[in-house]
Every structure is written in C-alpha cells, then in structure tokens.
Amino acid sequence: MNRNLGYILAFAFALVAPFVGYPVFLAKLLCFALFASSFNLLIGFTGLLSFGHAAFFGGAGYVAGNALKAWGWPVELGMLAGLAAGAAIGLVMGALAIRRQGIYFSMITLALAQMVFFGALRAHEFTGGEDGLQGIPRGKFLGLVDLTNDTALYYFVLGIAVLAFMLIVRTVHSPFGQVLKAIKENEPRAISLGYDVDKYKLLAFVLSAGLSGLAGATNVLVQGFETLTDVHWTMSGLVILMTLVGGMGTLAGPMLGAIIIIALENKLGDAGIFLTNATGIEWFNTIGEAVNMVIGLIFIICVLLFRRGIIGEIVAKFGNKKPA
Amino acid sequence: MEIFGVPLPAMMSQLLLGLVNGSFYAMLSLGLAVIFGLLNVINFSHGALYMMGAFVAWMGMTYLGLNYWTMLVLAPIIVGAFGILIEKTMLRHLYKLDHLYGLLLTFGITLLVEGVFRSFYGVSGQPFQVPDALAGATDLGFMVMPNYRAWVVVASLLVCLATWYVIEKTKLGAYLRAGTENPKLVEAFGINVPLMVTLTYGFGVALAGFAGVLAAPIIQVQPLMGQNLIIVVFAVVVIGGMGSIMGSILTGLGLGVIEGLTKVFYPEFSSTVVFLVMVIVLLLRPAGLFGKEK
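Residue numbers (the numbering used here), protein chains in the order written: chain Z, -4 to 319; chain G, 150 to 443.
One thing to keep in mind: the hints can contain errors.
Unchecked claim - Partial list, derived from the structure: chain Z residues whose beta carbon lies under 8 angstroms from chain G:
id, residue
1, Ser101
2, Met102
3, Gln109
4, Trp228
Said to hold, decoys possible - Covered stretches of chain Z, going by a simulated chain G footprint (3 or more residues, C-beta under 8 angstroms):
id, region
5, 126 to 136
6, 230 to 240
7, 298 to 307
Calculated from the structure, these hints are not laboratory results.
Glycine included, each C-beta is placed from N, C-alpha and C at the ideal position.
Let the sequences and hints guide you as you build the complete structure.
This is the structure we're talking about:
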C-alpha cells in the first residue's frame, strides 16, 4: 500500500512539475530516470554489471535521430526505432558478453561498447562524426499534438517513461523476474534447478538494452541533437553512478539518482563560481568543466560509505523486512 | 622488396610500432593480472596511473630539472606509493564484497585523478624530449629504427620477464602464488598476507607508472592518455585470461603486433581490431587463450 501511495504521489508531482520548472530540463530528467531504471534491471535484479550501456543509449539515439530527421518518420515510429535499435545492439553484445561471468562480463561490455563508439566516430554519414546530428525535428504526436510545444513534449516523454517504468515493475515482480533474482543470488543453484540461465540473462540484457535505447531516443527528441558524448564510456559510467546513488536493486532509487546526478551536472558550474567568489580561489572555476572529477569523487564516496544508495538506506532503516 | 604490395621498411616500422604498443599492453595487462590474482579487484585506474607515471616524469623533469633516467626509476616508485595509499585507505575495505565494487571504486578514482590533472593542465599534450642517449635512429639496412622505440621494447620485455621470473621461480613468488590460491592458509603459515596484498597492488600499479614514463616521449603526455588504452587492455585481458603471467605478456605483445599489421593493411580497422579479436576468442574459446574460468 505504502509503495503505491509513493508512486501516486510521484506521478502527481510529475504531472504538475512543468508548471513549476522548465519543461525541457524536466523531460531530460525523465529520459535519464528511464535510462537508469533500465540499467538497474540488469545490475539490481540480475546482478550483471554492464559497462556498455552507452552503446544502447547513444546507438539508439543515432537511429532515432536519423529516423526523425533524414528518413522523416513520424515521432512514434522514431521512438520505436530507438527501442528496436537498443534491443538489437543488446542482443549482439549480450550474446557475446554472457559467455563470461563476473568481472569479465563487465570488461567485455565495456570493450564492445568502445567498438560501437569507434563505429559512430567513423560512420560520418550516419552519425555526423565529431559534429553529431543537429536540428532533429520533434514532429507531431499521432499527427495531432505539436511537440514543438515544450509542455506537450514533456507530457509525451512522461507517458513513455511511465509506460516503460510499469513494464519494468511488472518484469521484476513476474515469475521471470523471480528467476532473474535467483540467478543474481546464486547462479549455480539456478542452473541446478534446471533453468537455462544464459537464456534468462540474455533476455534480461536485451530488455534492459531496448529500454535504454528508448531512453536514448526520447533524449534525442528532447535535446534535438545527438553527439558522441552519448556513446562514450563516460555515459556508461554515469548511468552506473545514478543507479548507485539512488540504490541498486530498488525500483525508485535509479530515478532519484538520475535526477540528482543530472541536476548536479547542470548546477556544478554555478557551484564552482560560487565557491570561487566565496573563497577567492580561482581554481574552483574549473569545476564546471571538470564534471568528471566531481563524479569520480561521488563514486568513491558511494562505494566506500554508501553502497545501498539513498533509497536502499531508507528501506534498510525504516522499511519492512522485505526490501523492495 | 615488398610484402603483399607493402614496402618492407614501411611494414617493419609498423611492426615495430605494434611491438611498442604491445609492450605497453603486456606491462599493463601483467599488472592487472597480478593484482587480480591476489586482490580479486580489476583495477580500472590502471590507465589513469599510467598517465600519472608519464606526468610525474614530466613534472620532475620540468619543475625539478631531473633527467629521464632518474624519473624512470622515481616515477614508478611515486605511482606505486600512491597505489599503496589507495589500497590502504580505500580498496582494503572492499575485499569481502562483490568484485564489482572494486571495479566501481577504481573507476571513480580514474575519473578523479584524470579530472584533477585535467583541471590543472587542460587536455593539450605536454612536450617530452627523447633522452639524448636514445635520440636518433639506427639504419639496419632493411629499415631505419628509431633508437628510443627499440629501447621501449627491450626495457618492457626485461621488466616483464623479471616479473615472470620473480613470480614463477622465487620463494617470494611462491608465497604470492600460494596467496592467490588460498590466502587464509598462507596467513596461517605466518605470512603477512595483508602486507603482501598492499605491496602487490603497489607493484602492479608501479608497472603501469613505468609504462607511462616509457610512453611519455612517443605519446603525447596529456591527462586523458590512459582512457582509451585501459579499455584496449581490458580486451587484451579478456582475450588472454588472467590465469597466467606469461600468457598476459604474450597476449599483450601479440595483439600489439596484430594491431600494427592491421595499420598496414586495413588502417580503418586498426582502432577496433583488438576488440574484433576479442569477439572471435569469445566465440571460439570463451575462457580466453590462457584462461581458467574462475
């Protein structure tokens, strides 16, 4: 009951948010909340640490960008193309990566994602190389609602994010999700119980990749451009951090983490200027450019002191005995 | 003389370049394997510490006027000491947890270290002179060989082989190997395992620093120089598996050569060929060339 109330409150807040904040920024938050939730499906509920999620996010972003701009597809199809692209890249990468376990899995996903990055760097016709894709049109939802209106765009993205999130919740609580949890807790045991573990892992990987692709596609729609930043491995690191900060293996954690990290990224420059003015040390001005430095620091703090993440800590302190 | 339509000197110089890169892969993957063996941590910060080695050498030469040879010894020691600090203050607390936390922590350290250097030095390369004794080139008849590159290959091979010898043939190495198999039992025999773990991490990291100093005169010294390298080295580690010291060395060198040859024949694939090899190895021999599935 408690949780449903939380969802309703969060949803109600999301509904009124564009009247308070800047809709485009809020829509961007939603995209990353979706991205982190999809990533969490893998790390939090299957126990697989992928270091290559940028490939799905960015790869799908390029496909959706081209679908909307070069091929002139309607916006719904563009988003679906992103979903399909993410799932397709995920199928190939997943099939290779699940051949090894544990830490090797992470290294393989990282290496394969780097291949996608180099591919994007070279495929100039498709990705625009260093320049990226610019001026991607937003179009009209079902040919009726003009998405160039920021508020309409926000609600469009909110709809997608809510649907995707419902799918994630449904997956986690389904029998399939229970098998994933069993694999996470004790893989040899799941094998001995007769589950085809590789098949389950691959399906979870493809699902996570597809939803990450959807997140990448909506992100392109919101921003109106797509660059190499989205396929770079720092993006994979960023989504890990979002999930870690919010709480791996909790449903709400990654969304909260995404909101915190993206907001931080945006406000860091201001904070640097503030610190410079307050302390008189010029060096603080560079913080805005060296976002990675701060991100790295948060990473270290989280891993050392704060492994359960915000929601995880709350659940551990106040929650009932059955964690989310 | 030509081989498959490629002039021999061009071919040889790419091969040498491949060997140079291969030496770096070998030294870095060797360090990763040694660390992983004892600590069960994949040290993501290896690339950043390689960069740090190069930078420390550059700083010593620029600010303190020390020469290359002093820094070749000093920089790895400083990087190693920094590694020991990381191990003592942070990594130590994660051994009982899932491996992935070690990876995440060292990933954070990577971003932090690279970010700090970047905030002071920007992203442009710092000039680094080849030491006088190794400047110039030797004409071997079939190719002109830059002396410094030959030195890099020789020096790395020596260091790699020395490491192999110590680990496989000496008493100290025996402790280390025993610690890799069963740390609790080794500790019961009165060996100070925590100290051994600390020193192993320091050593593995010092290898990365040493590679960084060697690389400094040929690769631009800049804060992000380790970023792409570490991912390639990860692929090398996946290809070779981390079970064998010699395996790491050979895989590193071999992939460097393959990369060099690719530059001659299909330049557009040179940045991805190592990853392609990784894919093939995963399909044919999932445990890696020298690997035991752990």
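We went through each hint and held it up to the structure:
no., hint, in the structure
1, Ser101, "holds, 6 angstroms"
2, Met102, "holds, 4 angstroms"
3, Gln109, "holds, 5 angstroms"
4, Trp228, "holds, 7 angstroms"
5, 126 to 136, "violated (count 0)"
6, 230 to 240, "holds (count 3)"
7, 298 to 307, "holds (count 3)"
The earlier numbered hint that this structure contradicts is number 5, and it is the only one.
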